[in-house]
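Trainee: Sequence:
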Amino acid sequence: MKHLYLLVTLLFVSFTYGQDRNGKADIDGFKLYPNPVTDGKVYISTTKNAPKQIAIYDVLGTKVLETKITGKELFLADLDAGVYVLRVYELNNVATRKLIIK
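Per the UniProt record's numbering, the sequence shown starts with residue 1, numbered consecutively.
Hints are not guaranteed to be accurate.
As the list claims (entries may be wrong) - Here are the simulated DSS-like pairs of lysine-lysine, each with C-alpha atoms no more than 27 Å apart in a straight line:
| id | residue 1 | residue 2 |
| --- | --- | --- |
| 1 | K31 | K41 |
| 2 | K68 | K48 |
| 3 | K31 | K68 |
Derived by calculation from the structure, the hints in this document are not laboratory data.
Full structure from sequences and hints, please.
Mentor: The following block contains the structure:
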């Protein structure tokens, strides 16, 4: 079990340090709610509300979902309960967060 926690920690740290693209890091006004997700959908809002490219990875680093949204709502009903890494790209900026689905 300790190995799993170590793997999750290393994966999360690598995503966090790897999020800098073209000198820009986090997205202004980035909000992700609710987290943990209980009803199969999550809302992602930013200051600019531009279209967003979404990538979701499991704890092993496998991409389980890739989509593009123009609004704030992202449907996650097809994902199993667990811990994921959510990566959001908007206007040459990127934000990476831990996502929990119950």
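Trainee: With reference to the structure, classify each hint as holding or not holding.
Mentor: Going through the hints against the structure:
The hinted pair formed by K31 and K41 meets the criterion: a straight-line CA distance of about 14 Å does not exceed 27 Å. With a C-alpha separation of about 16 Å, the suggested pairing of K68 with K48 holds against the 27 Å cut-off. Restraint check for K31 and K68: satisfied, since their Cα atoms lie roughly 17 Å apart, inside the 27 Å limit.
Checked against the numbered hints above, the structure violates none of them.
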